[in-house]
Amino acid sequence: MSRALLRSVLELRTPVTRLPPSFLLPMRSIPARFFNQTTQIIEPAQTADADADAIHATLTAARQQLVQQQQQYQQPQPQPTPKKPRLPTSPSLPTPTGPVSESVRSLLPILAAQPGHYITIHIHGQPYLVTEGDSVRLPFKMPGVEPGDVLRLDCATAIGSRDFTLQGAPYIDGRLFECRAIVTGTEAEPMRVLIKKKRRCRRKTHIRSKHKYTIMRISELKIRSDVSDL
Amino acid sequence: MSWFRITLHRSAIGLPERTRGVLAALGLRRRSQTVFHPVSQDFAGMIMKVKELVRVQEVDAPKTDAEVKAERQFAPGFWVEKRGKEVMARRGGGGRDMN
Numbered sequence: 001m002s003r004a005l006l007r008s009v010l011e012l013r014t015p016v017t018r019l020p021p022s023f024l025l026p027m028r029s030i031p032a033r034f035f036n037q038t039t040q041i042i043e044p045a046q047t048a049d050a051d052a053d054a055i056h057a058t059l060t061a062a063r064q065q066l067v068q069q070q071q072q073y074q075q076p077q078p079q080p081t082p083k084k085p086r087l088p089t090s091p092s093l094p095t096p097t098g099p100v101s102e103s104v105r106s107l108l109p110i111l112a113a114q115p116g117h118y119i120t121i122h123i124h125g126q127p128y129l130v131t132e133g134d135s136v137r138l139p140f141k142m143p144g145v146e147p148g149d150v151l152r153l154d155c156a157t158a159i160g161s162r163d164f165t166l167q168g169a170p171y172i173d174g175r176l177f178e179c180r181a182i183v184t185g186t187e188a189e190p191m192r193v194l195i196k197k198k199r200r201c202r203r204k205t206h207i208r209s210k211h212k213y214t215i216m217r218i219s220e221l222k223i224r225s226d227v228s229d230l
Numbered sequence: 001m002s003w004f005r006i007t008l009h010r011s012a013i014g015l016p017e018r019t020r021g022v023l024a025a026l027g028l029r030r031r032s033q034t035v036f037h038p039v040s041q042d043f044a045g046m047i048m049k050v051k052e053l054v055r056v057q058e059v060d061a062p063k064t065d066a067e068v069k070a071e072r073q074f075a076p077g078f079w080v081e082k083r084g085k086e087v088m089a090r091r092g093g094g095g096r097d098m099n
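Read top to bottom, the protein sequences are chains U and D. Take the first sequence: its letters are residues 1 to 230, numbered as in UniProt numbering. Take the second sequence: its letters are residues 1 to 99, numbered as in UniProt numbering.
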């Protein structure tokens, strides 16, 4: 009897004792609290006015006013919805429909057959010469993207290999290649501190800034070898 | 119907009140601002008054301010094909929320 009791007590204890110390527990267990989750505190004002009204007006009028005030305070405050950045979900250049030129038709299979290609992609007008597997640190934080997002890169000015280069005018036809990148994360530079000081004045202002950059990896670069249907 | 596409190229600082009035009547307030007006004698005369300050084109249709701005901007060059959450869900892994 006493042994069974002891075992039951131990069973109760074990899940508690097996848990790692609190600092090893994931942060998810702590309920996250954001700035926009706290309800706005509104202190009831106009108490002096209400008293004055109560003196002058009849008791019933004061009661009605109080009820109205309570209803006013109980109305739910409209929560400001966070503005989501709009990400492009369709090709940024209009898809060309005409037939490709004869030189592209004849030479693109040769370019595609060569090993190792580079591509000059343009993001917001900035060129990046990359090959497959490269990791690119963009000089800005791309708003709205999260790690794991697959981006299709469709503005390219040059695709080449060791012997051949396909040059766009200014951009290459988007049907000739497929380039994809995976967002791998965000990187931050070390904190910069800029000291501002005026002459003959001891006061110094430290201006801190820390920029964030989006990292992405070029996961795929395919060049179309068969352009007979274009 | 054709339209004048008028861009203020040079500033009107230091010019007579009369000239600045013509620019105001055209709706031009700052440099490199673009306005569209229908092709007519009135607007042709106004453009003649300030022909040293503006650049004029004849176009088929007017554009909104947003469309004029879009002309100057580069294409983003990318678009989101798949969201990371969708990829994780397809793999069956309940990945940690990356918010």
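Check before you lean on any hint, since a few could be wrong.
A few chain U residues that don't get close to chain D, going by computed Cβ distances all over 10 angstroms [to be verified]: (1) V67; (2) T89; (3) S90; (4) S92; (5) I110; (6) T131; (7) R152; (8) R180; (9) A188; (10) K210; (11) R224; (12) S225.
Quick partial rundown of chain D residues pointing at chain U, CB under 7 angstroms, derived from the structure [claimed, not checked]: (13) M1; (14) W3; (15) F36; (16) V39; (17) A70; (18) P76; (19) E81; (20) A89; (21) R90; (22) R91.
Hints are computed from structural coordinates only; laboratory data are not their basis. Every residue gets a Cβ at the ideal spot worked out from N, C-alpha and C, and that includes glycine.
Hints violated by the structure (numbers, ascending): Result: hints 2, 3, 4, 7, 8, 13, 14, 15, 16, 17, 20, 21 and 22 break, sorted rising.
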